[in-house]
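Q: Chains A and B are the protein sequences, given in the same order. The numbering used here applies: residue 1 is where the first sequence begins, and numbers increase by one. The numbering used here applies: residue 1 is where the second sequence begins, and numbers increase by one.
It is worth saying that the hints were derived from the structure and are not from the lab. Certain hints may be false.
One copy or two, either will do: identical chains are not told apart, so a pair holds if it fits within one copy or between any two.
[To be verified] Keeping only pairs whose Cα atoms sit at most 25 Å apart, straight-line, the calculated DSS-like set for lysine-lysine is:
| # | residue 1 | residue 2 |
| --- | --- | --- |
| 1 | Lys-303 | Lys-358 |
| 2 | Lys-535 | Lys-467 |
| 3 | Lys-291 | Lys-358 |
| 4 | Lys-209 | Lys-358 |
Protein chains: 2
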Amino acid sequence: MTLAPPRRDMKTHLLRIILSAVLLTTGSMLAQQRVEQWDRFETTLRYSPERNGYLDVTLRATFTGPDTALTVSGFYDGGDAFRIRFMPERIGSWHFSTSSNVPALDKKHGSFECIRASGGNHGMVRVSDVTSFAYADGKRFYPVGTTAYAWIHMKEERQERTLQTLAGTGFNKVRMCVFPKEYDLIKTRPERYPFAVKERTAGGSGREKIIWDFDTFDPDFFRHLERRVDDLRRIGIEADLILFHPYDKGRWGFDTMPRDVNRRYVQYLVARLSSFRNVWWSVANEWDYVKSKSHDDWEELSKLVVASDPYRHLCSIHGSTARYYEYWEGQFTHVSIQDDAPVQYRGGAATLRNVYHKPVICDEVGYEGNLKYRWGRLSPEEITYRAWMGALAGIYVTHGECYMSENDTTAIFWAEGGDLKGRSWQRFAFLRRILEEGPGPLSMSDIGRDYYTASAGKGYYIIYFGKDTLDTWLFSLPVRNSGYGRVAAGIRFKVEIIDTWGMTIEPSPTVFETTAEIDYRVYDTAGRRVQLPSKPYIALRVTAVD
Amino acid sequence: MTLAPPRRDMKTHLLRIILSAVLLTTGSMLAQQRVEQWDRFETTLRYSPERNGYLDVTLRATFTGPDTALTVSGFYDGGDAFRIRFMPERIGSWHFSTSSNVPALDKKHGSFECIRASGGNHGMVRVSDVTSFAYADGKRFYPVGTTAYAWIHMKEERQERTLQTLAGTGFNKVRMCVFPKEYDLIKTRPERYPFAVKERTAGGSGREKIIWDFDTFDPDFFRHLERRVDDLRRIGIEADLILFHPYDKGRWGFDTMPRDVNRRYVQYLVARLSSFRNVWWSVANEWDYVKSKSHDDWEELSKLVVASDPYRHLCSIHGSTARYYEYWEGQFTHVSIQDDAPVQYRGGAATLRNVYHKPVICDEVGYEGNLKYRWGRLSPEEITYRAWMGALAGIYVTHGECYMSENDTTAIFWAEGGDLKGRSWQRFAFLRRILEEGPGPLSMSDIGRDYYTASAGKGYYIIYFGKDTLDTWLFSLPVRNSGYGRVAAGIRFKVEIIDTWGMTIEPSPTVFETTAEIDYRVYDTAGRRVQLPSKPYIALRVTAVD
Numbered sequence: 001m002t003l004a005p006p007r008r009d010m011k012t013h014l015l016r017i018i019l020s021a022v023l024l025t026t027g028s029m030l031a032q033q034r035v036e037q038w039d040r041f042e043t044t045l046r047y048s049p050e051r052n053g054y055l056d057v058t059l060r061a062t063f064t065g066p067d068t069a070l071t072v073s074g075f076y077d078g079g080d081a082f083r084i085r086f087m088p089e090r091i092g093s094w095h096f097s098t099s100s101n102v103p104a105l106d107k108k109h110g111s112f113e114c115i116r117a118s119g120g121n122h123g124m125v126r127v128s129d130v131t132s133f134a135y136a137d138g139k140r141f142y143p144v145g146t147t148a149y150a151w152i153h154m155k156e157e158r159q160e161r162t163l164q165t166l167a168g169t170g171f172n173k174v175r176m177c178v179f180p181k182e183y184d185l186i187k188t189r190p191e192r193y194p195f196a197v198k199e200r201t202a203g204g205s206g207r208e209k210i211i212w213d214f215d216t217f218d219p220d221f222f223r224h225l226e227r228r229v230d231d232l233r234r235i236g237i238e239a240d241l242i243l244f245h246p247y248d249k250g251r252w253g254f255d256t257m258p259r260d261v262n263r264r265y266v267q268y269l270v271a272r273l274s275s276f277r278n279v280w281w282s283v284a285n286e287w288d289y290v291k292s293k294s295h296d297d298w299e300e301l302s303k304l305v306v307a308s309d310p311y312r313h314l315c316s317i318h319g320s321t322a323r324y325y326e327y328w329e330g331q332f333t334h335v336s337i338q339d340d341a342p343v344q345y346r347g348g349a350a351t352l353r354n355v356y357h358k359p360v361i362c363d364e365v366g367y368e369g370n371l372k373y374r375w376g377r378l379s380p381e382e383i384t385y386r387a388w389m390g391a392l393a394g395i396y397v398t399h400g401e402c403y404m405s406e407n408d409t410t411a412i413f414w415a416e417g418g419d420l421k422g423r424s425w426q427r428f429a430f431l432r433r434i435l436e437e438g439p440g441p442l443s444m445s446d447i448g449r450d451y452y453t454a455s456a457g458k459g460y461y462i463i464y465f466g467k468d469t470l471d472t473w474l475f476s477l478p479v480r481n482s483g484y485g486r487v488a489a490g491i492r493f494k495v496e497i498i499d500t501w502g503m504t505i506e507p508s509p510t511v512f513e514t515t516a517e518i519d520y521r522v523y524d525t526a527g528r529r530v531q532l533p534s535k536p537y538i539a540l541r542v543t544a545v546d
Numbered sequence: 001m002t003l004a005p006p007r008r009d010m011k012t013h014l015l016r017i018i019l020s021a022v023l024l025t026t027g028s029m030l031a032q033q034r035v036e037q038w039d040r041f042e043t044t045l046r047y048s049p050e051r052n053g054y055l056d057v058t059l060r061a062t063f064t065g066p067d068t069a070l071t072v073s074g075f076y077d078g079g080d081a082f083r084i085r086f087m088p089e090r091i092g093s094w095h096f097s098t099s100s101n102v103p104a105l106d107k108k109h110g111s112f113e114c115i116r117a118s119g120g121n122h123g124m125v126r127v128s129d130v131t132s133f134a135y136a137d138g139k140r141f142y143p144v145g146t147t148a149y150a151w152i153h154m155k156e157e158r159q160e161r162t163l164q165t166l167a168g169t170g171f172n173k174v175r176m177c178v179f180p181k182e183y184d185l186i187k188t189r190p191e192r193y194p195f196a197v198k199e200r201t202a203g204g205s206g207r208e209k210i211i212w213d214f215d216t217f218d219p220d221f222f223r224h225l226e227r228r229v230d231d232l233r234r235i236g237i238e239a240d241l242i243l244f245h246p247y248d249k250g251r252w253g254f255d256t257m258p259r260d261v262n263r264r265y266v267q268y269l270v271a272r273l274s275s276f277r278n279v280w281w282s283v284a285n286e287w288d289y290v291k292s293k294s295h296d297d298w299e300e301l302s303k304l305v306v307a308s309d310p311y312r313h314l315c316s317i318h319g320s321t322a323r324y325y326e327y328w329e330g331q332f333t334h335v336s337i338q339d340d341a342p343v344q345y346r347g348g349a350a351t352l353r354n355v356y357h358k359p360v361i362c363d364e365v366g367y368e369g370n371l372k373y374r375w376g377r378l379s380p381e382e383i384t385y386r387a388w389m390g391a392l393a394g395i396y397v398t399h400g401e402c403y404m405s406e407n408d409t410t411a412i413f414w415a416e417g418g419d420l421k422g423r424s425w426q427r428f429a430f431l432r433r434i435l436e437e438g439p440g441p442l443s444m445s446d447i448g449r450d451y452y453t454a455s456a457g458k459g460y461y462i463i464y465f466g467k468d469t470l471d472t473w474l475f476s477l478p479v480r481n482s483g484y485g486r487v488a489a490g491i492r493f494k495v496e497i498i499d500t501w502g503m504t505i506e507p508s509p510t511v512f513e514t515t516a517e518i519d520y521r522v523y524d525t526a527g528r529r530v531q532l533p534s535k536p537y538i539a540l541r542v543t544a545v546d
């Protein structure tokens with residue numbers, strides 16, 4: 001790697017540069033820096049800007065590698081540090097060269113070697129098979145997410161606790177805000193802000209009011225955010241980053257920034273974070289509650305996110321209840337909705353999937369908790385039920401937990417992170433296990449006719465009874481089996497009884513054998529039944545045996 | 001009106017021209033032809049084409065009227081007749097002038113006076129208030145449609161009978177195919193075809209096989225179609241014209257015509273029929289079953305329909321079960337889907353409406369009947385239930401009836417028209433009455449929270465219990481009232497009990513008065529209840545008094 005010669009003010013960064021360059025000698029592949037596929041290459045160029053490094057300096061780098069070239073934006077990280085980050089997706093040699101309006105940053109070049117991913121590195125999550133997700137290496141990704149909007153803005157100790165908690169769950173995605181959140185349920189004052197402080201004054205109700213220097217980002221804020229995104233990556237969790245939200249209420253004004261600041265913020269954030277493989281962009285939470293922005297603003301901002309991101313991370317936007325954005329637009333890879341309706345009754349979730357031809361995530365269907373607000377007082381059984389209702393139809397439901405204790409000293413996980421106190425999170429982990437044990441994503445077997453049976457492959461079904469309380473089930477499958485071909489006579493099946501609440505899987509002793517088609521369905525040749533435990537929330541896994 | 005001087009071969013048309021011109025003197029408004037708003041102006045130009053009048057002659061006319069100018073296509077109607085039709089939408093003087101590649105048709109001009117619509121003429125139906133419909137004069141239109149795919153291809157006597165039947169129902173829309181339909185349930189041989197016959201040969205299974213002259217339309221076919229569309233207009237029914245369908249099975253080949261013939265057919269049909277105010281375009285029925293056409297073909301054809309139609313009639317496309325086309329595309333004014341799922345359970349229909357921001361019509365949710373096919377054996381109760389489930393959520397469900405008698409001599413109305421034998425059609429009329437008695441279109445009062453209550457205005461609710469069988473109902477309304485403002489305390493309401501199956505409306509004797517909000521709802525101050533008849537399919541109409 002060839003870099004510009006070190007300049008003044010190198011200080012602590014000098015050591016880092018030397019370390020990353022120490023193995024390199026020009027022309028030697030062996031000695032080059034090695035970066036795993038979908039990991040992050042980073043290089044720092046030194047220049048002390050005479051004016052505003054965020055506003056006045058442009059820096060881009062074009063990376064050329066196997067059969068591909070990508071141009072990324074560099075960013076100013078304060079002091080004399082201009083950084084360029086890159087996530088290589090292809091194995092082989094990569095070279096880059098920079099362009100800048102500052103000679104000291106212009107026409108710099110370097111190279112590195114991208115090597116095969118190892119261990120738990122499966123790459124970015126992308127859309128797969130129209131309505132599903134998979135990592136870049138092909139491994140299926142079934143989103144089983146939770147919500148911890150402001151966890152990175154809490155006290156350090158709580159943040160660490162949140163990571164410990166998440167590591168012990170089955171969640172593989174977390175919805176979280178870049179900006180801090182003002183809310184009657186969140187009391188903690190953030191330690192870092194994305195912009196430099198111009199002036200602190202006494203605001204109303206005893207709170208200080210900060211006047212921001214919107215021309216100057218605070219790199220510490222972003223370094224902290226990045227550290228937390230990396231922390232999530234290490235425990236296998238995708239960071240569904242919410243770029244804008246309405247929960248500001250005049251406290252900081254991040255929801256009412258000028259239009260050019262919004263744009264600059266998006267570009268800066270994406271320049272810093274798009275090389276993080278576990279990042280998803282959620283352009284907004286409850287976009288329609290952000291009164292300062294019009295629909296045109298959201299159009300512009302969401303397109304800007306995508307235009308700024310050379311890797312095309314997953315991107316969506318999230319509204320208030322039943323506010324469906326135009327998710328068919330090209331900038332959105334998937335649907336991220338807030339709506340209870342598709343998962344409270346049968347039929348709705350599958351319909352959404354049929355409509356959009358994109359993956360659908362119900363990123364709010366209400367939350368487990370005990371709040372006075374109706375969106376925050378679902379029983380653990382109810383949210384688990386809704387997660388299964390979604391999963392059966394091939395969409396995905398996100399968890400959230402809002403338990404407020406009497407003395408109000410314990411954190412609400414949904415807002416602040418900390419400890420989970422509920423009883424649904426274990427069931428979400430169990431659901432994820434069931435999904436991952438299947439051969440592929442679920443979809444309704446016989447759309448619009450059988451609302452209980454989903455297929456995940458030839459000879460593989462999940463049947464979910466929801467709130468029905470049955471003592472037996474007559475073996476019966478629809479002849480239509482989603483896209484996997486019709487069920488023939490003489491196929492032998494085993495059945496497992498899944499207690500989705502009790503988290504148990506019990507095999508039925510019987511091996512069933514299909515009849516020929518009888519009025520769109522097949523039955524067991526002897527008309528046999530499965531004994532069920534007369535409880536709600538029972539599912540069946542029906543699998544062909546040889 | 002000034003026309004080109006009469007030429008040879010005028011024959012019977014001469015009289016018509018003279019009659020339509022007899023009152024006209026240049027410069028006199030009084031003496032001009034008068035056409036009601038949204039009625040049809042027609043003029044005929046005489047020219048005997050030396051080659052193919054359908055292929056080789058272009059004819060357009062630009063109509064200039066109050067603040068507007070529209071260009072329409074003329075069409076060749078056989079013999080020496082080239083016709084131009086125009087539907088004026090604005091009152092006042094209209095002038096036209098023609099352009100043609102044939103001197104005899106070029107630069108002709110004329111004028112007429114558009115007068116205010118009278119009586120039952122409310123104009124074209126258009127989208128209104130995003131998800132609803134209204135006639136051009138502002139009168140609400142609630143689609144309560146039925147299906148009679150091939151009725152215009154049956155024997156004359158049956159066609160007349162169909163019109164008599166329809167006139168005695170409450171239906172205000174009928175889905176019908178331009179092309180004849182080959183189906184094991186339809187035996188009648190059509191008397192007219194849209195193309196001239198080139199050759200008749202003996203086909204397989206004793207049927208004749210016709211080779212078409214795709215370069216030559218048969219104007220008789222289209223005149224007949226037009227007569228039937230006008231017949232429907234006279235009884236207040238919109239003609240939801242299906243341009244393509246897959247029910248051909250090699251008998252005529254209208255589903256596998258060459259691409260240029262498809263285009264020419266669309267343009268010819270639209271040129272002839274777009275001036276009929278009660279026409280809707282349904283680009284296809286079960287488009288995905290037409291194996292000869294790709295998605296790109298449908299894109300092209302649906303855009304061509306719209307580009308050819310200067311009035312922008314309602315336009316959609318209809319697929320097989322749960323095949324949702326990209327209804328968000330600009331050429332589609334509304335969603336015309338085949339899917340049972342949105343109306344079998346609660347939540348789904350409202351979700352569709354929220355998703356599309358366009359009116360939604362479930363143009364097939366299964367049909368009342370006794371067929372062996374599962375789509376054709378709903379009970380009358382079930383299809384009525386589905387219609388109400390849709391209506392409650394602000395979408396519209398289309399009726400169809402498929403009763404086959406033992407000796408197979410009676411027509412299935414859904415295919416052939418004739419007589420209705422079922423018991424749901426009267427309930428559809430009753431539903432239409434309820435909808436029209438309301439102050440506006442229904443939408444869920446408290447979306448995603450209350451799945452039973454819809455609002456149609458301030459102080460106006462419909463509650464539908466569906467299959468629930470209740471003996472009392474505790475007076476209770478959600479505080480949220482769709483877009484009509486929250487319900488206050490102290491509002492007095494009356495309640496009517498609607499038996500949607502029995503078609504009765506009984507007032508409850510009690511006048512209720514609302515409490516203040518209690519956990520998102522209001523109740524009666526004395527906690528009073530409505531006595532219900534312990535039957536399924538009961539609805540309530542809750543109306544504020546004084």
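Q: Now tell me if each hint is right for this structure.
A: Hints, one by one, checked against the model:
| no. | hint | in the structure |
| --- | --- | --- |
| 1 | Lys-303 with Lys-358 | both (18 Å within a copy, 24 Å between copies) |
| 2 | Lys-535 with Lys-467 | both (8 Å within a copy, 24 Å between copies) |
| 3 | Lys-291 with Lys-358 | between (28 Å within a copy, 24 Å between copies) |
| 4 | Lys-209 with Lys-358 | neither (43 Å within a copy, 44 Å between copies) |
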